[in-house]
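Enquirer: The primary structure of each chain is shown beneath.
There are 2 protein chains.
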Amino acid sequence: MIPALAAAAKNIKNAAGNNFMKDINNTATQLPRGFSLATARAGFKYKNRDDLALIMGHNPASCAALFTTNLFQAAPITLARNNLAKSAGIRAILVNAGQANACTGDTGIHNCWKTLEILAGLLKINPWDILPASTGVIGDHLKMDLFEKNLPPLARDLGRATGEDAARAIMTTDTFPKTSACEINLGKARVRFWGMAKGAGMICPNMATMLGFLLTDLKIDQKLWQKIVTHAADKSFNAVTIDGDTSTNDCMFALAGGQSEAEISGEYDLKKVVSALDRVCAELAYKIVQDAEGGTKVLRIEVKGAKDDHQAKMAAGAVGNSPLVKTALYGKDPNWGRIVAALGRSGAEFNPQEIRVSLAGVEIFASGCPKDMDRDSVFKPLLEDRDVDIQINLGAGSGSFTLLASDLTEKYIQINAHYRT
Amino acid sequence: MIPALAAAAKNIKNAAGNNFMKDINNTATQLPRGFSLATARAGFKYKNRDDLALIMGHNPASCAALFTTNLFQAAPITLARNNLAKSAGIRAILVNAGQANACTGDTGIHNCWKTLEILAGLLKINPWDILPASTGVIGDHLKMDLFEKNLPPLARDLGRATGEDAARAIMTTDTFPKTSACEINLGKARVRFWGMAKGAGMICPNMATMLGFLLTDLKIDQKLWQKIVTHAADKSFNAVTIDGDTSTNDCMFALAGGQSEAEISGEYDLKKVVSALDRVCAELAYKIVQDAEGGTKVLRIEVKGAKDDHQAKMAAGAVGNSPLVKTALYGKDPNWGRIVAALGRSGAEFNPQEIRVSLAGVEIFASGCPKDMDRDSVFKPLLEDRDVDIQINLGAGSGSFTLLASDLTEKYIQINAHYRT
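So the sequence lines, in the order shown, correspond to chains A and B.
Each residue of the first sequence is one higher than the one before, counting from 1 in this note's numbering.
Each residue of the second sequence is one higher than the one before, counting from 1 in this note's numbering.
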């Protein structure tokens, strides 16, 4: 595996093409072999919908994981880290929506562990082989009576839920369930990849600021798997922003169960696996931005020509998090002035005379001035689309970064001013 | 002056008390002696209101100035810097609202200089003794015909405008004119301080992200004056945030004309001057946040116990710029969870178990958990006020910073989604 890993380090960066294809062609819809799903209607916060989901692997899986970088880490994050260190092979993931179990102290840890113990008893596995994840309101203690009541039917119903059912059960303010799937051939074997995610608010780069769960029936070494998953997340979940906020509960778990018996046997296989995972993650990340709270646009902000990748990320972030840019695009206003003003305060170094900005494929700013054109008539039809490309060349080097961002609307305010009630 | 300057360096930090008094008692309303004002209705963008203002000093003045840190600097910023370097004593300030003259290239510089030449001819002074300032839409060229038509009546009308008239003429999306004034005794002389500012959107720390103009009839050395002005701005205009954006046109000019003949003669005098300027700047900064686009709240975010002042600023900024915190307070929701989540991602270093958060004077979070109380009934009456204090102790050191921030409402979106049209 060591030579394969060395090759991977070189190739993971080069593999995969455009990660932000707007309409990925997914013919695959089946779950990877070796996993079963279940959902239940516990009623933690939402009524008349399922809010508890279980993923069960028939075999112990190679697990790759990514966690929030927020200093406040919710109880399930703490326990998932502990379990990953202790487990010889993850068997299950338990997710609830409506209660975050964050800032809940020792009681929160105790409650979370208790849910794993109950579930482990029902599934006849070790509690440390289960990863917990929670999303919802911060600070309230888990409603343990609802877990006690709903875990037995959840365990009993394994296999009855579809991928879409599970994706729907982990939603909070999401308006639609987010899944993605694809298949590749490795040698004679067919390998499946599937993922689901929830997002909507509190989304900003720095760790998959959302919940994301990836499954595959590939057989793969944990270290290489972690590397591929981290790479895919950096280009997808860590490259989206809705409101610049990040949550205490964000995590992504990727299970590789190995039921296909297929393994990576060379560089070409590796590229295919990397591309497949990139594609699944890119589609999920796009759907998260598409479903941004109150959002009507997906802004694809591509920065090139920065001094380095870090400065490209700063520049893209300043544009993608600027309330003025976001509201302008919501208003279908080709307001290049707000874009360049955001670049100018981003901290990225460049000569204002050297930068070029294109909006929806049309160059709108160069040599320190706006391009001479009838902007309103040129851009009116172009800015009607949901997807708007903002391409920026800083003319200062070869650093690049691409960020997906939502716009900012009255509805975002309405949702977030009254979330708790 | 050297010994006084040395003392100043020590004392400027210690002088002055609470900078963010909600209702500063201004009995002074008169302009400092030696200055005249005029306004005109040019019609750059706004109809039925004045949009051009002139400040004229009877003597050459000591001028302190602060400029935007945005890499894109508007033409008037470039020319004001040049003029300051060349002038032996600033005589006048010319301000227009509606057109920013930013990202307008060489033509923008040429146009701006032309306005100064015309005005200098009318006032019989040097064009380099005039400081220009512009605010409004970025990118369009100045309507020179309107300047040519309106500068002669502007010069002729000097002395006819009040401070409030001038403050009204520099407004863009501001809903009320912002002025502040106070008086102190230095020896037997009475010294007056007066200021006006415009703000509303694109406001974030790092240079007075607004236009601000301060006048005094104090006689003072330029270097000491710059020091006092910079200090006052750091605690006021550089400690407010509305939307995290900063503009290409922000500047603050402070003229000390010397007509009172009063000078600083010792440490006690210096303290009085520093306090007076801090007070004027603090009131103007408060009014800018009070008049935030669509805003209904003024959040006073006081961070203490940070590792250092810089980390305190990062922590306060993360809270004050968080759309989730801003929308929660707009909704009068005591959502401490969003405050601690913002602190956790701010980059400030602390132990989550050690921090304490108070909202509207009531401790709501400590030891990693929310305080046990009936939050809704406790906070319902407290969050009705316009002013809401958020006090944060990070328990990690002695760094501190206080930031004023607005909330985020549907109206901000409406204003900014349709500003150009």
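Everything labelled a hint here was simulated from the structure, so no lab data went into it.
Warning: the hint list may mix true and false statements.
Identical chains blur together in the list; that is why a pair holds if it fits in one copy or across any two.
Said to hold, decoys possible - Derived DSBU-like pairs: lysine-lysine, alpha-carbon spacing no greater than 35 Å straight-line:
| # | residue 1 | residue 2 |
| --- | --- | --- |
| 1 | Lys411 | Lys45 |
| 2 | Lys272 | Lys149 |
| 3 | Lys307 | Lys124 |
| 4 | Lys307 | Lys271 |
Keep in mind the model is a prediction, meaning the values are calculated, not measured.
Enquirer: Is it within a copy, between copies, both, or neither that the alpha carbon of Lys307 lies no farther than 35 Å from that of Lys271?
Expert: within (28 Å within a copy, 46 Å between copies)
Enquirer: Since the copies are identical, ignore which copy is meant and state whether Lys307 and Lys124 lie within 35 Å (CA to CA) inside a copy, between copies, both or neither.
Expert: Neither. Shortest intra-copy (55 Å) and inter-copy (48 Å) distances fail the 35 Å Cα cut-off.
Enquirer: Between the shortest in-copy and the shortest cross-copy C-alpha distance, which are at most 35 Å for Lys411 and Lys45: within, between, both, or neither?
Expert: So Lys411 and Lys45 pass the 35 Å test inside a copy (21 Å) and across (30 Å) alike.
Enquirer: Regarding Lys272 and Lys149, is the shortest C-alpha distance of 35 Å or less found within a copy, between copies, in both, or in neither?
Expert: Result: close neither inside a copy nor across copies, 44 Å intra and 69 Å inter.
Going down the numbered hints, you'll see the structure goes against 2 and 3, while the others check out.
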